[in-house]
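Below are the chains, spelled out letter by letter.
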Amino acid sequence: MTVPSGSFRSSAEQAGTRRLCSMALTPILSPRFGFGPSHVVVCLLWMVVYLILSYLPLATSGGVWRHVAAGEHICAHRTLPSATDALPLAAGRPATDTSWLSDVLLYGADLIGGPAGLSTLYACVVLQTLSILGAVFYLQTGRKRFSIVGVALVTALGFHGITVLRPATFGLLCLSGLLLVFVINERRSRALAERERCRGADVLSCSIWLAPILLALWTNLDSSFVVGAAVLAAWAGCSAIDVVARQGIATVLEDADCRRRLLVLEVSLAATLLNPLGLDAWLAALGLRPDVLGAATALGSPLVLGSLAGVPFAMACLAAGYLLKKSPKPFTASEILLFTGGALAAAWNSYYLIWFGLLAAYVMVPHIAKTFGVAPRVHVPEVAEAARECHLPPQPLQFSYTLICVMVVGVAGLLSPAANRTLGARPRPRDHMVARQTPLGVADWLDAQNLCPKLMWAMPDWCDYLSLRTDTPVMVNSALAMLPDQVRSDSARLEQGERWQTIADRYAVDLIVIDKERQRRMTQLARRAGWPWHIAYEDKQSLVLTRADQPSPRLATIGQEEST
Amino acid sequence: MSSASHSRLSPTFWCFHTLILIAMSSLPWVRAIRLYTPPPLPAPVLNEPVEVSLRYDEPKVVTDKQLAAVLAKARPRLRKPRPKISVLDHALRCWGTTAEFADPQCLSGLEMQQVLLDHQAYVELWGTEVPPLLNRESDGVAVRTLEGASTSNHVDHTLATLAEVGTPLDQPIHAPGGPASMRDVFTHAVRNFSLNQKEYEWTALALALYAPTPQPWISKEGQWITFDILAKRIMRQELGTGVCCGQHRLYTLAVLLQVNESHEIMQPATAQAVEDHLLAATVRLTRTQHAEGWWDANWSHGQPLAGEQKLGDRSRRLLATGHVMEWWAIAPRNVLPPREVYIRAGQWLVREIEQLDAPSVEKNYTFLSHAARALALWRGGLPATSCLPTTCLNVSAPNELADGER
Chain G
1 MTVPSGSFRS
11 SAEQAGTRRL
21 CSMALTPILS
31 PRFGFGPSHV
41 VVCLLWMVVY
51 LILSYLPLAT
61 SGGVWRHVAA
71 GEHICAHRTL
81 PSATDALPLA
91 AGRPATDTSW
101 LSDVLLYGAD
111 LIGGPAGLST
121 LYACVVLQTL
131 SILGAVFYLQ
141 TGRKRFSIVG
151 VALVTALGFH
161 GITVLRPATF
171 GLLCLSGLLL
181 VFVINERRSR
191 ALAERERCRG
201 ADVLSCSIWL
211 APILLALWTN
221 LDSSFVVGAA
231 VLAAWAGCSA
241 IDVVARQGIA
251 TVLEDADCRR
261 RLLVLEVSLA
271 ATLLNPLGLD
281 AWLAALGLRP
291 DVLGAATALG
301 SPLVLGSLAG
311 VPFAMACLAA
321 GYLLKKSPKP
331 FTASEILLFT
341 GGALAAAWNS
351 YYLIWFGLLA
361 AYVMVPHIAK
371 TFGVAPRVHV
381 PEVAEAAREC
391 HLPPQPLQFS
401 YTLICVMVVG
411 VAGLLSPAAN
421 RTLGARPRPR
431 DHMVARQTPL
441 GVADWLDAQN
451 LCPKLMWAMP
461 DWCDYLSLRT
471 DTPVMVNSAL
481 AMLPDQVRSD
491 SARLEQGERW
501 QTIADRYAVD
511 LIVIDKERQR
521 RMTQLARRAG
531 WPWHIAYEDK
541 QSLVLTRADQ
551 PSPRLATIGQ
561 EEST
Chain A
565 MSSASHSRLS
575 PTFWCFHTLI
585 LIAMSSLPWV
595 RAIRLYTPPP
605 LPAPVLNEPV
615 EVSLRYDEPK
625 VVTDKQLAAV
635 LAKARPRLRK
645 PRPKISVLDH
655 ALRCWGTTAE
665 FADPQCLSGL
675 EMQQVLLDHQ
685 AYVELWGTEV
695 PPLLNRESDG
705 VAVRTLEGAS
715 TSNHVDHTLA
725 TLAEVGTPLD
735 QPIHAPGGPA
745 SMRDVFTHAV
755 RNFSLNQKEY
765 EWTALALALY
775 APTPQPWISK
785 EGQWITFDIL
795 AKRIMRQELG
805 TGVCCGQHRL
815 YTLAVLLQVN
825 ESHEIMQPAT
835 AQAVEDHLLA
845 ATVRLTRTQH
855 AEGWWDANWS
865 HGQPLAGEQK
875 LGDRSRRLLA
885 TGHVMEWWAI
895 APRNVLPPRE
905 VYIRAGQWLV
915 REIEQLDAPS
925 VEKNYTFLSH
935 AARALALWRG
945 GLPATSCLPT
955 TCLNVSAPNE
965 LADGER
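Keeping their order, the protein sequence lines are chains G and A. Residue 24 in this note's numbering sits at position 24 of the first sequence, and the numbers go up by one each step. Residue 861 in this note's numbering sits at position 297 of the second sequence, and the numbers go up by one each step.
Hints are supplied without guarantee of correctness; some may be wrong.
To be verified - Derived Cβ-Cβ restraints for the label pairs, each shown as a range:
#, chain 1, residue 1, chain 2, residue 2, range
1, G, L451, A, E688, 52 to 60 Å
2, G, A548, A, P896, 27 to 35 Å
3, G, G530, A, E688, 42 to 50 Å
4, A, R619, G, Q496, 40 to 48 Å
5, A, E856, G, A492, 44 to 52 Å
6, G, L440, A, E711, 43 to 51 Å
7, A, T949, G, R520, 53 to 61 Å
8, A, P832, G, A548, 33 to 41 Å
Please keep in mind that the hints were generated in silico from the structure rather than gathered at the bench. Here the structure is a predicted model, which means the values were calculated and not measured. C-beta atoms are modelled at their ideal positions from N, C-alpha and C, and glycine is treated no differently.
With the hints as constraints, model all of the structure from the sequences given.
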């Protein structure tokens, strides 16, 4: 009996299934939930990944603390942060916060669980991203092993991007969601086309209309939404190219699918305007505004092929070349455009490497599956499968692997730091939750001293944390693009200890936090500094110089007389 | 939908949507182009700079006779090869463009102005071996600065000097590349201004005198500049730090307050903050004044001077005291110290300047020019107008005056 795949079954078949099942013991769960060993392996792998992500210390390089501070400002004032809220020296520069929703989410996580909350949020978002990607690759190939290969490829290409919590982490989730929408739409469209062909109607899958919603959400989460818009444009535009290649240019104008894709693209582009900045969000994303808080393009530099990130990139390009030649499935225009566009963007700015990783895996995984001769598993028709299972004698251990999967998930949940509070376990030490470079000692000291410095200088990533913890105005932070050029260059000189007292005087910096590991010269100079500077605090990691502009005894006396 | 209807709709459909896509993709670029319009100059720009008004006439600070003696010492005896441009700059600022001297060694005000604004006059004094003082650039005329004795010694000091002596923006200048005007010098300074540049006091001063407007303008770094932001930047720095013991910043703030009275260039809160800042400086000065009436480089804290000082005791005290008296002379009364404080300072300046011999005058001329100008301002006039003919303008032999003084 030939039964169409999917959920469409004739009433006669359904009745037959019911009859068959009534003859045997009916399991409480559908047999579909009877997992096999491969499911356990995947589940185990996923939970190991989750635990690793949960225990990764929060890296400071993504400016996570600055985003938390911005989120705090947004929640407190119901407005987007201005330049001077974070950086007094950026006064007069209009600020463009392109990640307000991410900021609020990060602040919420920090509010609920502190660094542990952020760590859990990070683990959940990244795991969700990898899971969705796994689903995408599975739907593309029908094989779990290629799903894992795809996820491994993404991780290898975008390792540096994945290990840091920042608004782009939410952007990755959105892109994986968009790819899932594409795959689902493709499958449904194919199924609908099969059904509707006999009626002569156009094929339409509603799932694609999730794309504009996703893009609207993405625009508010991170400026990387431009990647999503580009992917959508490639998806829409290249279908036209494929039609032209197949049927000639005249047919494009009449191709219903092309028209529909164009509409989706337009609605999606319009949806990107649904953000507090409107059109300026695009300018910020394209690097046309210099005043973006945490501009994406400022985060990276041209990719070096000899670097740790460059080697996987080069290997992916070589692999793509190999697949282009060997794959039995021809590459479509959109696949070529997505791959080459992503590769060029990554070569121009290593920030885009992670995005390239996703797109490269999306393009390459189906071809890998085809090239290595593994056909997608043929779905056994459900009725036939049910009938087969119902004829079999009851298997007491049918759900044993399902149970093992549940146990694995449960154990992973219990082992994760998120369970500490629930189980009343000892909280994870703070220095394990944040990156080793985070200046915890200085922050504690500043808190205890109750100092009110006029302006503090520290390394930009340290300033993010110290500013959040101590509410101290800082000379620089990781939003370097916000600062005037002069301040940036002076900060760089101060970092190296070059004429540091003059620069500190010019900006009225009265507290300098030195990273002893990264600022060896400055540390030496600080030890030799004379009045009015003195070392107020020192630990293994840092050294704090404060300015002692205390009035002389004579002045103090006169001051007291006046005040009386 | 039939294929025939598709055919009819297709051209319209595609034209319409192509237009939409073009509009959507071009909008960000249109906005970006608007954002990247070259930074505008502050507007409106006055042709004649604002004149700083003189508030006080205190004979007890300096008597007419004392003033004449002081001003005689401060004559610009610069008719010699290669006079330092910084000295010439200060001399012009002290005496203005109308001053004329009987002493043939002295340059008149106009001659001094000409050296600064006419390349030929500059070459006559400095020769052709040194690069020109004025350089024509794409965004105006730059004054060579901080490159030795043949150049200005502070960023935009020359521009501020010319503004303070009333040079209009349409004043022709002769740069090596051909004729230009003062407006080009001003334009260059404004277009290259950075709020945190090495020295911003004089640019702020020139801006207040030539462009007293509350409207913002955009600096080369994309910052919206207003006088509120300028004032806050000036006040950010600790008292006592910066050029001339930080006194130039206080002078600029005093000028901003004056200009604000006539042109409302600052928000009331900022103006109040400026007054408070000046008052805080006055309080410190009152506390740290020496019994004889002078201040030193440590005026802001009273601690012993750290390390080796570049200048001798007399020079430092002359510098600090002369500058303090200068900004007090134009500051509102409510930021002034008790009367005896500035009288004591004025009299110390008079005594000290009287004791200066010719080499010391030459060595300390820039500080002396500030002190002499300050004393003249305290008598309600400028040096050129305060000078008594018999003792200053018509003096032809400086040694005679020196003997007479002795």
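Now for the hints, and whether the structure bears them out:
A hinted range of 52 to 60 Å for the beta carbons of G/L451 and A/E688 is consistent with their spacing of about 58 Å. Taking the beta carbon of each, G/A548 and A/P896 are about 32 Å apart, inside 27 to 35 Å as hinted. For G/G530 and A/E688, the hinted distance range of 42 to 50 Å is satisfied, since their beta carbons lie about 47 Å from each other. In this structure, A/R619 and G/Q496 meet the distance hint of 40 to 48 Å, their C-beta atoms being roughly 47 Å apart.
Checking the proposed 44 to 52 Å range against A/E856 and G/A492 shows it holds: the Cβ atoms sit about 45 Å from each other. Between G/L440 and A/E711 the Cβ separation comes to about 48 Å, which falls inside the hinted range of 43 to 51 Å. Judged by the Cβ atoms, the range 53 to 61 Å given for A/T949 and G/R520 holds: they are separated by roughly 60 Å. Checked against the given bound of 33 to 41 Å, the beta carbons of A/P832 and G/A548, roughly 35 Å apart, stay inside it.
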